[in-house]
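Please construct the entire structure, taking both the sequences and the accompanying hints into account.
Protein chains: 4
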Amino acid sequence: MESNSSFSLQLKVRDYECDMQGIVNNANYQHYLEHARHEFLLTQGLSFAKLTAEGIILVVKRIEIEYLSPLRSGDQFSVSCEPVRISPLRFGFRQNITRLTDNKAIITAMVTATSINTKGRPFLSPEIDRLFG
Amino acid sequence: MESNSSFSLQLKVRDYECDMQGIVNNANYQHYLEHARHEFLLTQGLSFAKLTAEGIILVVKRIEIEYLSPLRSGDQFSVSCEPVRISPLRFGFRQNITRLTDNKAIITAMVTATSINTKGRPFLSPEIDRLFG
Amino acid sequence: MESNSSFSLQLKVRDYECDMQGIVNNANYQHYLEHARHEFLLTQGLSFAKLTAEGIILVVKRIEIEYLSPLRSGDQFSVSCEPVRISPLRFGFRQNITRLTDNKAIITAMVTATSINTKGRPFLSPEIDRLFG
Amino acid sequence: MESNSSFSLQLKVRDYECDMQGIVNNANYQHYLEHARHEFLLTQGLSFAKLTAEGIILVVKRIEIEYLSPLRSGDQFSVSCEPVRISPLRFGFRQNITRLTDNKAIITAMVTATSINTKGRPFLSPEIDRLFG
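Residue numbers (our numbering), protein chains in the order written: chain A, 936 to 1068; chain B, 936 to 1068; chain C, 936 to 1068; chain D, 936 to 1068.
Note that these hints are calculated values from the structure, not bench results.
Where chains are identical, the list cannot tell them apart; a pair therefore holds if satisfied intra-copy or between any two copies.
Pairs of lysine-lysine residues, derived as BS3-like cross-links and limited to a Cα-Cα distance of at most 30 angstroms, are as follows: (1) Lys985 to Lys1039; (2) Lys996 to Lys985; (3) Lys1039 to Lys996; (4) Lys947 to Lys985; (5) Lys1039 to Lys1054; (6) Lys947 to Lys1054; (7) Lys1039 to Lys947; (8) Lys996 to Lys1054; (9) Lys1054 to Lys985.
Right, here's the structure in full:
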């Protein structure tokens, strides 16, 4: 799991992601977190788009985000993603957002998810099952 | 507090809020929740935009969202907002999203916030302090 | 066509739609325009989501937007939508955004679209063909 | 101007930018175009955020976008940005979006802008004036 836990993605704030306070709008951090999860899955051979097309629907069940410090225009940051097994049918991701220039902690988050088929029944494909060992 | 606790806003899913799974993207529920909080504040005489212009910065510190069921294209829903006092410097909002046609619970959320001045120091204006009495 | 040409939708700016200039971000007007088009189509018995599920893909080919004046936090506005036939395979929408309090013209736009099947070939269903008669 | 005209930014589609058709939602291309313009301005020593804070408001007046082909999940693309002088008070950007894997033309756009001060009067700072020579 060492290799998994070291996954992180480097991004830069885009000005349209900032709101009238001049900082990244709260909801956009969730976009960053989602994008990092999907990029992590790709490194493990799992494509969110392909899974969706095949009728395997990854679903977020719960999200907890601690907002520690805001990002601003021009900030570069990393988004980490560490997979965690929660129960036979639930898996999760521990995620952090860190500003690159000063290593400032921006966000810490825990995302719990499951996987269902097109009938809405829980269904973890073998690849997903294995990934969250 | 009865009047406060009964605040809710009725909205309808916009198609651009749905993602390739055909359901509202996770982050967009945060947009709905934020919009309901700001509309609630307006009913209490507090404008997020005016507060921002005056240097009173409302900041979300923590958010917990349970995703119970997804919204789809065309769904109409209500977003509730109940203010809660958490500590001298922290206040919060209990929020639910409910589909209108069948009263289905979609989201339950707890949002913890604080208020700071332009120097980043905690500052609750009297109106905010009173609201979360 | 009188009934069609009078379609308009009333909306209110949501704070997350504003950017660091304190005005609605340019791209969000496209969201307003799209939402009004889809609501207009619904009044004509056409659901964008159902069409998509049936493999009829409505596609914007060209958009021209004149930005006349910006919307700000709290502004209420109407978005109009008038269907126009452009050619056998192309149809369009003339759209305006107007602030409600003072009737200020905010946006005027012309959107050209077509409809394709899942193989990417032009395909106007009879309902679409009739609507843009 | 050769160096200017060769500015381009490489990006990758994020899944939340796709809508229920499985392709990037129309409005999001405008986000890509804006981000490329702001990154281009930064390479020329002009920060949109700093200009805004100094009361120099860059305003889009008109946008024309031709949608040639859609982007999908995972696509990598470049967004170009070439400055154009239109009139004493108006400047613009010719922009293209091209898919990287096959050089497919995705978007061609022309964006016309101006610059105003906080009183809403046209004001082109010397740096802006020079850039659009």
